[in-house]
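J.: So the chains spell out like this:
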Amino acid sequence: MFRIDRIHGQGREKMKKNKAKERYCLGIESSADDFSVGISTFRGKILANTIDAYVPPEGGIHPREAARHHSDVAGRVLESALWEAEVQPQDLSVIAFSQGPGLGPCLRTGATVARALASYFNVPLVGINHCVAHIEIGKLETRSENPMTLYVSGGNTIVAAFDSGRYRIFGETLDIALGNCLDVFAREAGLHQKPGLPFGAVIEKLAQNGKQLIKLPYTVKGMDVSLSGLLTAAVTLFKKGDCKLEDLCYSLQETAFSMVTEVTERALAHTGREEVLLTGGVAANKRLQNMIKSVAEEHNARFDVVPTNFAIDNGAMIAWTGVLAYTHGAVTAIEKSQVRLRWRLEEVEVPWMQ
Amino acid sequence: MKQPVLLKKGAEASLYLADWHGRKVVLKKRLPKKYRPSALDKQIRAYRTVHEPQLMHEAKKAGVPTPIIFLVDQAEATIIMQFIEGKQVKQLLNEVPKSERQRLCFKVGESIGKLHEYGIVHGDLTTSNLIQHPTGKIFFVDFGLGEKTRELEARGVDLHLMKRALQSTHYKFAEECFESAIKGYSTVLSHEKSENVLAKIREIERRGRYVAERKERE
Chain V
1 MFRIDRIHGQ
11 GREKMKKNKA
21 KERYCLGIES
31 SADDFSVGIS
41 TFRGKILANT
51 IDAYVPPEGG
61 IHPREAARHH
71 SDVAGRVLES
81 ALWEAEVQPQ
91 DLSVIAFSQG
101 PGLGPCLRTG
111 ATVARALASY
121 FNVPLVGINH
131 CVAHIEIGKL
141 ETRSENPMTL
151 YVSGGNTIVA
161 AFDSGRYRIF
171 GETLDIALGN
181 CLDVFAREAG
191 LHQKPGLPFG
201 AVIEKLAQNG
211 KQLIKLPYTV
221 KGMDVSLSGL
231 LTAAVTLFKK
241 GDCKLEDLCY
251 SLQETAFSMV
261 TEVTERALAH
271 TGREEVLLTG
281 GVAANKRLQN
291 MIKSVAEEHN
301 ARFDVVPTNF
311 AIDNGAMIAW
321 TGVLAYTHGA
331 VTAIEKSQVR
341 LRWRLEEVEV
351 PWMQ
Chain D
1001 MKQPVLLKKG
1011 AEASLYLADW
1021 HGRKVVLKKR
1031 LPKKYRPSAL
1041 DKQIRAYRTV
1051 HEPQLMHEAK
1061 KAGVPTPIIF
1071 LVDQAEATII
1081 MQFIEGKQVK
1091 QLLNEVPKSE
1101 RQRLCFKVGE
1111 SIGKLHEYGI
1121 VHGDLTTSNL
1131 IQHPTGKIFF
1141 VDFGLGEKTR
1151 ELEARGVDLH
1161 LMKRALQSTH
1171 YKFAEECFES
1181 AIKGYSTVLS
1191 HEKSENVLAK
1201 IREIERRGRY
1211 VAERKERE
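Each protein sequence line maps, in turn, to chains V and D. The opening residue of the first sequence carries number 1 in the numbering used here; numbering runs sequentially from there. The opening residue of the second sequence carries number 1001 in the numbering used here; numbering runs sequentially from there.
A hint or two may mislead.
No more than 27 angstroms apart at the CA atoms, straight line, and that leaves these computed lysine-lysine pairs for DSS-like [stated by the list, open to error]: (1) Lys1087/D with Lys244/V; (2) Lys293/V with Lys1008/D; (3) Lys1172/D with Lys1087/D.
Derived from the structure by calculation, the hints contain no laboratory data.
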């Protein structure tokens, strides 16, 4: 199914001898529209991060269609990650996979691949929380240590920081995620995404030509935000046809980003942290980066943003978090490796942060 | 007037301790935020500056202690209000024995019940927004995100936010605190009403976070 045997023949001569001493974790990410395999050394060097994104012909992500995509590309992505990392599958010390939260059929596809690899090569399996992984890869890549994190993606909008064994959620969305808000607006406005140019990037580009700020609902509740009213209002205005699309994109971004920035600032002021980390797919947005940076400066905190190739869902983050979890005693038995669709960030023990 | 002393630089406002015609007052100034467009920024600050004192006034009518408002300056986004002596409930919860913790939370719950019954939601029920006066009264402050509403949804969100605030800052006894607060809350609102709010909180907790998954199930 994965044609791993092909690696043996072609990759052998490229292998360096000292690699045998190094230990590796392979991570599989498949929680939504991306299928990705990453390989990390136990010392945190990312050797491969192969991502294959599912782009629906139209409409949103249908979980079953996305899962079909994942199973179609799984073998190829796996093969190319191993090839790029120049690692033999039998040299892997542990297999990590994204166990949740996410779309059921998509998660199950990744979990199946992970289980098959773990049992075939007889190595331990570790189920990883997708949200923890986004924070950990951000920390690894930016060298930030104990930040207040704003994690914004298509499925999550969370303000969290580590305290006493876990990442505690200070604020989050009460309804839809920030990335979801932007995606749905883009679709309703008839925009198109391409591989490498997701909806978020399309909106960001249009917003740069927006001049007029249109009044849209601004909803902050405590440290939480609510984005569904904003989305509905923006879509309604677009359909009325009185507003320029550029102005709407600009206003949608400014309003939504101001909201998440405000709650990040509240959490920062509340805890007095000295670092702010921006991670997740929407972290690639330059305007959002500038807003969070401004707030960090205001509170004399260091600002870091995850590099774009690790911002979207990726296997490297699962691999690296797999290293952290495995070296701190976490192993997931195959019979307990069922996916967890609503696995909250707060439920996860984080022993490596002690 | 003596020079105001900065008490706290919060996320959205700076609080100064000042002397105002012989009274010890707090000067709350909402500062411009560079990150958002100035039109949006002005609108938000002006709205909250006017809205907050109105809600604090309403809260008093509901029987919940709030600082006396002396002056509202919309152009400067500044409110001058009574300085409340005492300790934040945030601090107290970590210092007092269990029985006292439960008593405090029960009282807080009662007050939230009074607010909700009167048609007010606070909007930011963290324990740092609750101050226990030496007389034992618990003052509610910071109504900037509050609303006048009788909607079940708003009430549910209000309590959900409190639960979440307890979990992030007082995780060791978050559950017991929330339970005591709900007990107090239920003594004010009818049993049926508080049951409805609790059901709403559970619904709020189930929603969000993963929208695509929710759609899938429909």
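J.: Are there hints from earlier that the structure breaks, and if so, what are their numbers?
T.: Violated: hint 1 alone.
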